[in-house]
Amino acid sequence: MNVPRFCREIPSRYNLIGTKCENCDTYYFPPRRVCITCRRKGVIREYQFEGSGKVVTHTTIYSAPENFSKMTPYVLAIVELDEGPKLTAQIVCDPSEVKIGMRVKSVFRKLGEEGPDGVIYYGTKFIPA
Amino acid sequence: MREVAIVGLGCTKFGEMWDKSFRDLFIEAGLMALEDAGMSGAQVEALYGGNMSSGIFIQQEHVGALIADYSGLISNNVPSTRVEAACASGGLALRSGIIAVASEYHDIVISAGIEKMTDIGAEKAMDALAAAADREWEAAVGATFPGLYAMMARAHMHEFGTTREQLAQVAVKNHYHGSMNPRAQFRNRITIDSVISSPLVADPLRLFDCSPITDGAAAVVLVPAERAREFTDTPIYVKAASQASDTISLHDRRSLTSIDATTVAADRAFKTARLERSNIDVAEVHDCFTIAEIMAIEDLRFFEKGRGGPATLAGDTAIGGKIPINTSGGLKACGHPVGATGIKQAVEIAEQLRGDAGKRQVEGAEIGLTHNVGGTGGTVVVHILAR
Chain A
46 MNVPRFCREI PSRYNLIGTK CENCDTYYFP PRRVCITCRR KGVIREYQFE GSGKVVTHTT
106 IYSAPENFSK MTPYVLAIVE LDEGPKLTAQ IVCDPSEVKI GMRVKSVFRK LGEEGPDGVI
166 YYGTKFIPA
Chain B
199 MREVAIVGLG CTKFGEMWDK SFRDLFIEAG LMALEDAGMS GAQVEALYGG NMSSGIFIQQ
259 EHVGALIADY SGLISNNVPS TRVEAACASG GLALRSGIIA VASEYHDIVI SAGIEKMTDI
319 GAEKAMDALA AAADREWEAA VGATFPGLYA MMARAHMHEF GTTREQLAQV AVKNHYHGSM
379 NPRAQFRNRI TIDSVISSPL VADPLRLFDC SPITDGAAAV VLVPAERARE FTDTPIYVKA
439 ASQASDTISL HDRRSLTSID ATTVAADRAF KTARLERSNI DVAEVHDCFT IAEIMAIEDL
499 RFFEKGRGGP ATLAGDTAIG GKIPINTSGG LKACGHPVGA TGIKQAVEIA EQLRGDAGKR
559 QVEGAEIGLT HNVGGTGGTV VVHILAR
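Quick note, the sequences are listed as chains A and B, same order. If you count by our numbering, then the first sequence holds residues 46 to 174, one letter each, in order. If you count by our numbering, then the second sequence holds residues 199 to 585, one letter each, in order.
What the hints contain is simulated information worked out from the structure, not anything from laboratory work. Please read these numbers as outputs of a predicted model, since none were measured by experiment.
So the derived list for chain B, only partly shown, Cβ under 8 Å to chain A, looks like this:
no., residue
1, Glu-334
2, Gly-345
3, Leu-448
Each residue gets a CB set at the ideal place from its N, CA and C atoms; glycine is no exception.
Using the sequences provided together with the hints, build the complete structure.
Now the structure itself:
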């Protein structure tokens, strides 16, 4: 992913800034500009998530594309934030530690890099809470 | 709308075809289908080609024109359209062709699917396939395609008690079916032990839970049903062609243990066809991973939710069982050239309904179903075919 493409989403990637529809009180992460219930009647505002939630399912990745191959094995999960939305993220823990239902909180971490001379990507991962 | 029939079938051998190019593959499948229909290329009015990612796999876009050109159909300037819905591209090409004939816009149409995947390395191919997920919010944080299906498998095991052995049996059964299919990529039989001792890819999924990287192409000739007998003694009639969408990301779905778009597309198809689940004699479903077949047979409502694993282990989905699933060997053993898969499924069902499936023939099969999934369930295409 090139630099501008990654950078555009930095507020969301670094600080878990998503959106909320004020019309129906639904939270969105990743952010949506159109509420899926209210559509054009929706009132979308930015919202900073607290960063706590629980693991709803998980896997440990042993075989990954180039950008992530140095980090294998790593734990990947779908996390349900306390405000409601779910997102895909890595969990910084031993593969044997992760369980469905485990409480987690967000941390700022290195995500990967584009080869030895490429940019380094940062973003949100989760740790056991 | 008028009824549509399939009158010609073509499918290349599936596998790592290092001596064959993208062009060689679609020409072979297309000519086979025309030959089968006893038709001349000059009669073809339109082409629909399913292809997921020629841009990454062979650095070639604009493959609609390329296919028309190298198939020798450019003298008539036939309209040729590439359609894309990740791994459901083939199913979508079939549905697009059916709509074109049903709507009376065209009379004779070829729907084809093709993918040439082995001209790049396995790691790059894996990244190309990750493009079927959400690049920004799944792939960019480290999700791989097997990883996403692994998370569905984990949730399914947690919710319904699906076991490691039940998952493995999907691969064992599909390799057994593939061993009887001359065009399958893998024709060797495997055991539950060999699946559960293969290397971990994304826990709990192992290498033998995953469909392979494959080159291949397939094509069918579509005509109005009232003209079908001009071309063949064994026309296969299209009873329904339905499609449904859902969120692109797995994390946004209502359920992590069902693919809702499968149920919706199937409900629409059965309603159109005025048929029941119990009428289906044979089905090709989208087993890109073993868990995907278990979810498919449940979400298509062939088995109760949560009973897909036990039914598989009991042999209900093998040839000779209650409802034979993936007689071709499925994506797992026949291979999964992503854009071609949806068309290959239709070729397999049509052969079954014609009674031409050789050793893997389901006796007396009259009605069959195909189920083609894009990504983790963002697109599903279901067809019901009858003889």
